[in-house]
Every structure is written in C-alpha cells, then in structure tokens.
Amino acid sequence: MTTTTPRTRTTTRVPGEARPAVAPRRGPRGVVWIPLAAVLLLVTVVVAVTIGPADVSVGDAAASVAGHLGMGGLVEAPSRLVDAMVWELRMPRVLTAACVGAGLALCGVVMQSLTRNPLADPYLLGLSSGASLGAVLVLLVGVSVLLPVAAFVGSTAALVATLLLAGASGGVTPARTVLAGLAVGQAAAAATSFVIFTSAQGDSYREVLTWLMGSVAGSTWTEVAIAGGAVLVLGGLLVSTGSVLDAFTYGDTAAAALGVHVARTRWTMLIGVAVLTGALVAVSGAIGFVGLILPHAVRFLTGARHRLLLPLSALFGASFLVWSDTAARTVVAPSELPVGIVTAAIGAPVFTLLLWRRRAA
Amino acid sequence: MSGLRIDHVSWGVGRRLIVDGVDCTAPAGAVTGLCGPNGSGKSSLLRLVAAIRTPAAGVVRFGEDDLTTMRRRDRARALALVEQDAHTDLPLLVGDAVLLGRTPHRAPLAGPTDADHAVAAAALARAGAAGLADRDVSTLSGGERQRVHMARALAQSPDLLLLDEPTNHLDVAARLETMRLVRSLAAGGITVLAALHDLDLAASACDHVVMLAEGRVVTAGPVDEVLVPDVVEKVYGVRCAVLRHPRTGRPVLAFDLE
Ligand SMILES: Nc1ncnc2c1ncn2[C@@H]1O[C@H](COP(=O)(O)OP(=O)(O)OP(=O)(O)O)[C@@H](O)[C@H]1O
Ligand SMILES: [Mg+2]
Numbered sequence: 001m002t003t004t005t006p007r008t009r010t011t012t013r014v015p016g017e018a019r020p021a022v023a024p025r026r027g028p029r030g031v032v033w034i035p036l037a038a039v040l041l042l043v044t045v046v047v048a049v050t051i052g053p054a055d056v057s058v059g060d061a062a063a064s065v066a067g068h069l070g071m072g073g074l075v076e077a078p079s080r081l082v083d084a085m086v087w088e089l090r091m092p093r094v095l096t097a098a099c100v101g102a103g104l105a106l107c108g109v110v111m112q113s114l115t116r117n118p119l120a121d122p123y124l125l126g127l128s129s130g131a132s133l134g135a136v137l138v139l140l141v142g143v144s145v146l147l148p149v150a151a152f153v154g155s156t157a158a159l160v161a162t163l164l165l166a167g168a169s170g171g172v173t174p175a176r177t178v179l180a181g182l183a184v185g186q187a188a189a190a191a192t193s194f195v196i197f198t199s200a201q202g203d204s205y206r207e208v209l210t211w212l213m214g215s216v217a218g219s220t221w222t223e224v225a226i227a228g229g230a231v232l233v234l235g236g237l238l239v240s241t242g243s244v245l246d247a248f249t250y251g252d253t254a255a256a257a258l259g260v261h262v263a264r265t266r267w268t269m270l271i272g273v274a275v276l277t278g279a280l281v282a283v284s285g286a287i288g289f290v291g292l293i294l295p296h297a298v299r300f301l302t303g304a305r306h307r308l309l310l311p312l313s314a315l316f317g318a319s320f321l322v323w324s325d326t327a328a329r330t331v332v333a334p335s336e337l338p339v340g341i342v343t344a345a346i347g348a349p350v351f352t353l354l355l356w357r358r359r360a361a
Numbered sequence: 362m363s364g365l366r367i368d369h370v371s372w373g374v375g376r377r378l379i380v381d382g383v384d385c386t387a388p389a390g391a392v393t394g395l396c397g398p399n400g401s402g403k404s405s406l407l408r409l410v411a412a413i414r415t416p417a418a419g420v421v422r423f424g425e426d427d428l429t430t431m432r433r434r435d436r437a438r439a440l441a442l443v444e445q446d447a448h449t450d451l452p453l454l455v456g457d458a459v460l461l462g463r464t465p466h467r468a469p470l471a472g473p474t475d476a477d478h479a480v481a482a483a484a485l486a487r488a489g490a491a492g493l494a495d496r497d498v499s500t501l502s503g504g505e506r507q508r509v510h511m512a513r514a515l516a517q518s519p520d521l522l523l524l525d526e527p528t529n530h531l532d533v534a535a536r537l538e539t540m541r542l543v544r545s546l547a548a549g550g551i552t553v554l555a556a557l558h559d560l561d562l563a564a565s566a567c568d569h570v571v572m573l574a575e576g577r578v579v580t581a582g583p584v585d586e587v588l589v590p591d592v593v594e595k596v597y598g599v600r601c602a603v604l605r606h607p608r609t610g611r612p613v614l615a616f617d618l619e
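Respectively, the protein sequence lines represent chains A and B. Here the working numbering is used: position 319 in the first sequence is 319, and no number is missing along the way. Here the working numbering is used: position 1 in the second sequence is 362, and no number is missing along the way.
Hints were generated in silico from the structure; no laboratory data involved. The structure displayed is predicted, hence computed values, not measured ones. It cannot be assumed that every hint is accurate.
From the structure, some residues in chain A lie toward chain B, with a derived Cβ separation under 7 Å [said to hold, decoys possible]:
1. 243
2. 253
3. 254
4. 258
Quick reminder that beta carbons are idealized off the backbone N, C-alpha and C, glycines included.
Same shape as in the complex, but just chain A (with noise of 0.2 Å):
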C-alpha cells in the first residue's frame, strides 16, 4: 500500500490529509513596512543634508545633485558655496553614515542568527578591536599605509585568527566561535592599549579616541564607494538569505534536518559579515550598539522572519545612523562629537526598555 517515489514530486499534502485544507488567506504580513522604511531612509537623507550651520534649502540640495548627476538643464544651479558644500561635504557625509548603518544593522541580524545569541553583534568575532590595533598603528606609531586599509587588514587577521582558534579547539560551533572571537578581541584590545598607552599624546590622543568610538567625519565620496559597495554586493547577498537563516530557528540539528549543510552555511555567513564589517570599519572606525539594538527593535515590530527583517534592519539601520550623525554635528557645534557616542547613548537605554517590554510580553 506504500508508494515510495516522493523525489520528483511536488510535495504539497500532509501525510493522510483526507480532504483538502483550506489555506487561510495569510497576506503580505508586514510586507508594507518595507516602503514605508524606503521613504523614511529618502527622507532622512534629504533632511540631514539640508541641517547644519550653514542654510541649505532642500532645493539647493536638490538642484546640487542634480546638477552633478548630469541634470543639471532642469533647473537653476545654486552658488558654488552652497554648490560644494552639499556635494563635497554633507552628501558624501550622510551617504556614509546611510551605508554604514544598513550595514552594522544587516550584519548583526545574520550574526544573531548564526550565533543565537541576542547579544552578538557585528564585533563579536574581534573584528573591531582588530580593526582599531590597526587604526591606532597608523594613527600613533606611524605605520605608513592608509588608514582604512590597515582597518582591514586588522579586521580580517581577528578574523582568521577567531575561527582558526574556533577550528582548533574543536569546531565552529556558535558557542565556540563566540567565545574564540572574545579571546582575540581581548587580546587586540589589550594590545591596542598598550600602543595608546604608550604612545599617545595630546591630539594623537584625541584622534585616536574619535576613530575608536566611531565616526563619519570629514567622509569623502571615496569612503561612499567603499562603504556603499561593500553594502550593495555584500549586503545584497546577505539579504537574500532569509529562508536560510529561517531554518536555523530551532538550531542547527533542525537547520540540517531541513537539508541545509549547516556547517558551510555558517562558515561562508561568517565570512561574509566579517569582510562586510571590516569594509565598514575600515571608513567609519567602530560604531556600537547599531548593529546590537536594530535587529531587536525591528524584530520588536515585524517578529523574527528573516526574510522581513534583514532588509527592514538595513533600512532602518541607515535611517538610524543618518540621524546619530546629524546629532553628533550638531548638538555641540561648532565642536563635533563621535557618533559612537549619541548610538551609544540612544542605544544603551533603548535596549533596556527593549528587554524590558520582551520580559513584560
């Protein structure tokens, strides 16, 4: 009574389903929050570069790219100042922190995932401390390469570092590759210190401070094609993995018993984000808490589906560090204020009442 043929077929009844189910009209469930962020991200961006000392309309800023984007016919250029000011500074600027943003906020959505650990985030494999030995060799020993590529580098060599000692001690499991990436974080911070210690003096000081707490300052459109590349690739091929990270919900035994090969999956992930995380390292230093507390908090409103989040993470995430940054120059101005340091601040007490209101469910 046994037929036995099941691999060509589609596979659509439940086993024994006499007659057929009704399948419940389930819609576009939160669907519609994806071009509600689209719009709040392109908001974001037109109002942020029109704030700051200077006044700048959001027709100048419009007239301003247009005009470099080859348009320029369609409507009356603005002055030279005004000109250079939106294009040379704010733009590139707030591209950045949109880039940077999407990516922190992507990334610690797949590193929450493949850990499961809410607490993981982009840094938790010792990516930024690594990045940061980097940063301050150049910033305080003098080492003579740019300062992004010594980012990466230092980013990359944590990298490889955590999962060859994940590797060693027995396989890249979650729970051992989180806490491989804490002993090389450790010990880069530990090395890091030592060189600041050392080293520092004065201005050095506080240059290596702003680069350790994070900030887009004085981005160019270099740092916009480094960053929003490494979004655009990186980032697109993250986000097209939410049925694969769906399937890790219930761990990895599930994950394999759904046929992913759990083991290449996680380790080419793993990968992805890192080299993905160290591009953004590298042109903004390392910005906290976007990559811990987005994911939560949009979680928080669309639930755990992969598919939904991973692009409304990176949209909000853009959002989010878009508006830290205007924050950061403005809230002090003329002086300016790492951005590390308004994320940290929003984030610390929004991930209390986050935790909070997930107790209080």
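Given chain A, work out where chain B with the ligands should sit, using these hints.
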C-alpha cells in the same frame, strides 16, 4: 522491502562507541518504537538515521535510497525529525514556525508560496493545533509546543517520520491523542520510528519495538516478542508482569516494586 533498514551502524565520540553496530528495521506503514534506558543511544541513533551525524560504519537505507549519501534536500523531503527538546528564543508565530517545514520543498532563497501556507495550515489542523496558528511560540505550554513541533514535521510531507520522545510534557489524553495521530499517519503509508520512554505507551501503540541498551540492540521485533518480562528485566533491571488489556488485547506492563 520498503521502509527503513539500519545496517550495522556505529557511531562514537572519541574512543567511546555510543551506537554500536545497530542492526534493525522499521517497516513502512507501521509504528516502530525505539526503547531503552536513558543514555542508551536512542537520540543518537535517530540523528544518525536523519544523517545529522555521519555513521563511522554501516548504512541506513530508506526504500531504495541510501540516506547517508543522499542529497541533503532530497533527504529533507523524504524524512522529518521531531527533536527531543527543540526550542527557540525568537519571537515567532506558530504559523511561521510550521512553515519552516516547507523549507526543503522550495528553492533555497525563495519565500513560502500559497501552497506552502495551505500545507502548513493542514499540518497544524492534523496535529490538533489549528487554533494556535496566531500565537507566539514562546507563550505555548509544553504540550502545545510539542504539537507545533509535530505540525512542523508534517508540513515537511515526509515518508519517514522520526520522533524523539514525542509524548514528553503531554498529559495522558494528549499522549494518547499523539499516538493516535502517529498510528493514523502510519496507516496512511508513512514509516514511523519513535523513541519512547514509556514502555506502556509503546506496548499500546507500537507495532514493532527495538530495544536498545548501551548502544546495542538487545531485541527487536513485534511488540509481543520484545516487551516481555525477561527483556525488561535484562535492560532496565526491574521486574514486571505482562498482562493483556481486556478490551484491546494489547500487552500491559505491570511493574513490581520489590
Ligand atoms: N555529541 C556527544 N558527545 C559526547 N557524548 C554524547 C554525544 N551525544 C550523545 N552522547 C552520549 O551518548 C549517550 C547516548 O545519548 P543519547 O542522547 O543518544 O541517549 P538517549 O537514549 O536518547 O537518552 P535519553 O533517554 O536520556 O534521551 C549518552 O551517554 C550521551 O551522554
Ligand atoms: Mg534522547
């Protein structure tokens, strides 16, 4: 023969053999119970069958297929595993949890289709959990959660269903309800291999029993031949009498205290 054949399968950690040359079958269309004391290797054997662990030796066949070497996706379409204690801390609706079972039936990066939703809904109904679809999994009772796990496995449309203690956390009515469901699935042609602690439940619900101890098969065969006082005493070190249920005629185990 169709159904599951486990041929001389061994697996160990370090130098310790946890599953030691296990040889047994689970015929198609029947419920086979996997019994044995704590730590006898039941869960390990189920993981080997599901190819989540790779056997150090031996072959696992299901029908014509070698489960160990089969493509992952094809295997995940053929068999489903309900783990002993699967849980998640993520905020997730029951309906979405059940939809996870459809993963192997669609392209790796694609989302669930209407057909997937229909299958998931039917699976929930089949597991007696239709009313739970819009609940958050973290708010379920142990028994409700168990049903959702069962629904998730059913949504996978398996031909081979591996259950690890499917009646954990369930009260007596729910336990019987689960076994009734399992029996009706088997009657529909599915091969069921279920690790069960409760020998009485195994006696009343299984067609065949495989008795494990220390990673080895002690006896395997029809329930009447395996669940006998000698075997139970040898494996568990407790004495019992096997009675007959006055209405169903199935074996009932009565344990001696002294
Ligand atoms: N990955 C592992 N590493 C080391 N030991 C293991 C591993 N997996 C299982 N074991 C050991 O193998 C033995 C069998 O475990 P298993 O979980 O298969 O038993 P079980 O029959 O399912 O027990 P229970 O009835 O308690 O669920 C146990 O002693 C367990 O500690
Ligand atoms: Mg077990």
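Holds or violated: residue 253/A as interface residue toward chain B, Cβ cutoff 7 Å?
holds (6 Å)
Taking the least C-beta to C-beta distance, is residue 254/A closer than 7 Å to chain B?
holds (6 Å)
Chain B contact restraint on residue 258/A - CB to CB distance below 7 Å:
OK, holds: residue 258/A within 7 Å of chain B, min 4 Å.
Taking the least C-beta to C-beta distance, is residue 243/A closer than 7 Å to chain B?
Holds - the Cβ of residue 243/A comes within 7 Å of chain B, reaching about 6 Å at its closest.
Violated hints are absent here; each numbered hint is respected by the structure.
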